[in-house]
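Engineer: Heads up: the protein sequence lines correspond to chains B, H and E, in order. Numbered per this note's numbering, the first sequence spans residues 26 to 334. Numbered per this note's numbering, the second sequence spans residues 26 to 334. Numbered per this note's numbering, the third sequence spans residues 26 to 334.
Where hints are given, some of them may not hold.
If several chains are the same, the list does not tell them apart, and a pair holds so long as it fits within one copy or across any two.
[What the hints assert, rightly or not] Derived DSS-like pairs: lysine-lysine, alpha-carbon spacing no greater than 30 Å straight-line:
1) K224 with K238
2) K175 with K250
3) K250 with K39
4) K63 with K28
5) K39 with K273
6) K40 with K28
7) K40 with K279
8) K224 with K279
9) K40 with K280
10) K279 with K175
11) K63 with K30
12) K39 with K28
13) K30 with K250
14) K279 with K203
15) K250 with K63
16) K279 with K28
17) K238 with K63
18) K30 with K224
19) K224 with K175
Worth flagging that the hints you see were computed from the coordinates, not collected in a lab.
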Amino acid sequence: MLKRKDILGLSDLKKEELELILDTAESLREVSDRDIKKVPTLRGKTIINLFFEASTRTRTSFEIAGKRMSADVINISASSSSTVKGETLIDTARNLQAMSPDVVVVRHASSGAPHMIAEAIDASVINAGDGCHEHPSQGLLDLLTIRQAKGSIEGCRVAIIGDIEHSRVVRSNIYGLKTMGADLVVAGLPTMMPAGIEKMGVDVAYSIDAAIKGADVIMMLRIQKERLSNPLFPTEREYSIAFGLNSKRLELAKKDVVIMHPGPINRGVEIAPEVADGSHSLILDQVKNGVAVRMALLYLLAGLKQGDN
Amino acid sequence: MLKRKDILGLSDLKKEELELILDTAESLREVSDRDIKKVPTLRGKTIINLFFEASTRTRTSFEIAGKRMSADVINISASSSSTVKGETLIDTARNLQAMSPDVVVVRHASSGAPHMIAEAIDASVINAGDGCHEHPSQGLLDLLTIRQAKGSIEGCRVAIIGDIEHSRVVRSNIYGLKTMGADLVVAGLPTMMPAGIEKMGVDVAYSIDAAIKGADVIMMLRIQKERLSNPLFPTEREYSIAFGLNSKRLELAKKDVVIMHPGPINRGVEIAPEVADGSHSLILDQVKNGVAVRMALLYLLAGLKQGDN
Amino acid sequence: MLKRKDILGLSDLKKEELELILDTAESLREVSDRDIKKVPTLRGKTIINLFFEASTRTRTSFEIAGKRMSADVINISASSSSTVKGETLIDTARNLQAMSPDVVVVRHASSGAPHMIAEAIDASVINAGDGCHEHPSQGLLDLLTIRQAKGSIEGCRVAIIGDIEHSRVVRSNIYGLKTMGADLVVAGLPTMMPAGIEKMGVDVAYSIDAAIKGADVIMMLRIQKERLSNPLFPTEREYSIAFGLNSKRLELAKKDVVIMHPGPINRGVEIAPEVADGSHSLILDQVKNGVAVRMALLYLLAGLKQGDN
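Model the full structure from these sequences, guided by the hints.
Structural biologist: See the structure below:
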């Protein structure tokens with residue numbers, strides 16, 4: 026059993042906790058393959074998706090995860106939220122708490138917003154992405170995907186390529202992968218590399234070729250096109266030449282390398298179509314595992330409460 | 026049993042009807058405290074939330090109320106509605122009626138819109154706020170909160186402070202509280218006071234101090250910041266000094282006074298943080314009672330139909 | 026049983042398939058008249074409403090249809106979709122497929138978008154309107170409405186009046202009605218008439234009076250007011266005089282003529298209020314049949330899979 030109220034990031038999750046979540050996700054994964062994709066586990070539980078930033082795929086994944094476990098799922102999007110009327114974030118959260126939710130899933134543009142909410146309310150909080158900070162359910166689905174493909178995460182050489190500095194996905198992945206014993210290398214333009222990243226225990230390569238040499242796993246990050254208009258950043262085409270993954274570069278990695286990407290992908294920018302759609306790609310497995318991981322999180326936070334505490 | 030199709034306002038509800046709703050809400054309140062927050066009462070019933078104005082908290086409260094009673098809840102927001110395509114309100118309503126809903130919950134910027142819809146369709150209509158007119162479910166949750174805190178509403182001295190003229194919450198509260206035998210006083214800037222308000226059977230005070238002296242209940246209204254830009258209105262700071270509730274002023278009320286606010290609150294404008302968060306505040310109880318009252322309304326309008334008429 | 030994965034249009038549906046869908050809809054129609062409007066048919070099935078264009082009525086109709094059959098229904102609207110982030114339509118679809126939906130209902134401004142999605146994914150796809158191409162569930166509900174009113178579609182004289190060129194509703198109706206043996210005539214301004222429309226097997230009349238003479242069914246189309254600003258189009262008033270249906274014109278049709286309109290109607294433009302609300306009007310029957318037809322489509326595509334293939 027998970028002895029914590031919230032999942033705010035992977036930075037403080039211990040190896041046993043990560044394994045419990047992955048094992049639970051693994052066992053719930055087959056629910057989505059059934060003809061009747063429904064289990065009664067969370068019947069009578071209320072899950073609120075509180076999204077201050079738009080995110081179709083993450084919201085949809087949590088909504089499907091909740092509904093397949095028979096929970097009541099309520100979507101709230103920021104544009105219609107009373108925060109626009111000047112209410113504080115904490116007051117918004119306390120108001121929702123008064124409606125007795127079991128889990129509040131929070132996406133927010135500001136780092137730390139889910140933590141503030143978690144401290145203010147009794148319901149469990151899951152961080153569904155906060156600023157450039159963490160995105161733990163994405164990190165967990167990446168761990169699950171690697172574990173399935175490689176048998177074990179321990180000792181895997183994982184190369185992460187792209188805008189390291191602005192990615193909450195990277196941060197959650199580094200924490201989770203390090204805890205599970207992976208060997209990490211990151212690469213990206215110097216302007217995309219946070220100062221002191223080595224202190225997180227990762228190697229830094231300044232070319233994609235150096236990073237993917239001998240990699241078991243290559244994780245490509247989405248390039249935010251809006252950042253490419255920045256004078257410090259190259260054009261899409263230049264970026265693609267310098268840091269895009271294509272089938273030629275793939276030959277530098279191990280023969281059984283797997284390719285991952287948190288999506289949505291920019292075909293022809295950070296990843297070539299033949300790689301995204303190729304036999305090494307696990308991009309759609311990641312999405313499928315996303316539902317399983319979110320089912321596991323909801324179950325571990327809300328489903329076990331009744332008999333166990 | 027409630028012998029009416031719709032709940033459009035508290036102006037025409039008799040005391041026995043109010044009591045039936047409050048008693049029903051009281052008995053349904055504990056559903057939200059259960060581990061499995063679900064009763065089958067409204068299984069197979071269709072509730073449509075038809076919101077022409079954004080309102081996260083009211084919509085969420087009705088949605089949770091419906092789902093906890095196993096109803097199917099459909100959200101429709103105005104921005105995506107075909108009224109933008111030039112369809113009349115009545116045609117929109119008749120179209121929805123053709124899909125056989127049991128209850129249509131209507132929020133609209135124009136006073137009387139829910140009444141027009143109620144006349145046009147067979148389904149029950151609940152007014153979830155129409156212009157500056159009424160907001161009966163808010164009035165009812167306020168009645169329930171006062172009754173819980175004070176044992177009885179009869180004889181309670183209730184002070185309502187703020188923009189009386191533009192508040193549908195006030196109007197519903199005045200009707201409901203008068204019917205239940207409360208003693209009412211309202212206070213606010215002269216520009217916020219509707220002409221002839223005395224005819225509604227309330228006392229008028231032109232200072233907050235005069236109004237809260239001896240009050241059992243103080244109901245603070247949200248100040249619409251956009252109205253403060255009006256030359257007839259003071260700045261936020263001036264408003265706060267003249268009509269804001271702080272702990273010093275609170276000493277004028279009875280020792281066991283309770284503080285209410287329909288939310289969202291403007292901390293430091295109409296209400297000081299130490300009062301909003303203090304031991305006299307029932308603001309979050311109101312929100313919790315909101316779910317119970319809406320469950321009661323949905324149940325009384327849609328749940329009893331089958332066997333009873 | 027329907028031996029196809031998708032419903033993309035009525036152009037390729039055979040008479041027996043149309044009849045199967047109509048018969049199924051007919052038998053499911055009474056579910057919405059029950060006191061408990063719920064059957065367990067699609068329990069554990071996941072339906073995604075993927076709407077790239079706003080459409081309250083079609084989305085609501087599919088959502089209600091799915092929920093009344095106990096499916097989990099997920100709404101995705103374009104504005105919040107990651108297609109705005111540069112993802113291709115196919116990638117969006119494949120991502121959804123990885124979450125294991127049973128049916129994806131697609132509305133898109135571009136003709137052929139649902140077909141592209143249908144080819145890319147395993148889930149069933151229902152076209153809920155694509156550009157000026159097809160809107161098969163609307164065509165089917167029109168067939169059902171005519172069949173109910175006239176006993177049989179075969180031999181019925183159906184007049185369709187309005188902007189034939191830009192209407193996906195017309196296209197689906199022409200295919201379906203021809204297959205079922207109806208006799209068709211279309212009328213509209215020359216600028217609204219597609220070149221070569223006669224090749225679809227319909228008569229073309231250039232006045233409304235000529236078209237409705239002897240008609241069993243008159244189907245009025247919504248005039249898009251934005252198109253009336255076009256210099257090729259008349260004003261609303263002129264359009265109404267030339268092509269609007271009023272009670273005087275109605276006398277030219279058969280005594281038992283029925284009037285249909287896909288909605289939302291522009292009262293006083295293409296249809297006079299006394300006609301829209303009169304005894305010949307089946308406009309609200311169409312909406313009701315819409316829920317039944319969508320239940321039938323969802324059932325035939327997703328509900329039968331388990332035992333039958």
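Engineer: Please go over all the hints and tell whether each is borne out by the structure.
Structural biologist: Verification of the supplied hints:
1. K224 with K238: within (22 Å within a copy, 62 Å between copies)
2. K175 with K250: neither (32 Å within a copy, 57 Å between copies)
3. K250 with K39: Intra 35 Å, inter 47 Å, cutoff 30 Å: neither.
4. K63 with K28: This pair counts as both: shortest intra-copy Cα distance 26 Å, inter-copy 26 Å.
5. K39 with K273: Close neither inside one copy (38 Å) nor across copies (49 Å); limit 30 Å.
6. K40 with K28: For K40 and K28, the Cα distance is within 30 Å only inside one copy (13 Å; across copies 50 Å).
7. K40 with K279: within (27 Å within a copy, 56 Å between copies)
8. K224 with K279: Classified as within: same-chain Cα gap 27 Å, cross-chain 60 Å, threshold 30 Å.
9. K40 with K280: Intra 29 Å, inter 54 Å, cutoff 30 Å: intra-copy only.
10. K279 with K175: Answer is within; shortest intra-copy Cα gap is 12 Å, inter-copy 70 Å.
11. K63 with K30: both (25 Å within a copy, 22 Å between copies)
12. K39 with K28: within (11 Å within a copy, 51 Å between copies)
13. K30 with K250: This pair counts as neither: shortest intra-copy Cα distance 37 Å, inter-copy 37 Å.
14. K279 with K203: within (21 Å within a copy, 60 Å between copies)
15. K250 with K63: For K250 and K63, neither the intra-copy (39 Å) nor the inter-copy (46 Å) Cα distance is at most 30 Å.
16. K279 with K28: Answer is neither; intra-copy 39 Å and inter-copy 45 Å both fail.
17. K238 with K63: The answer is neither: 43 Å in one copy and 55 Å across copies each exceed 30 Å.
18. K30 with K224: within (29 Å within a copy, 53 Å between copies)
19. K224 with K175: Classified as within: same-chain Cα gap 27 Å, cross-chain 60 Å, threshold 30 Å.
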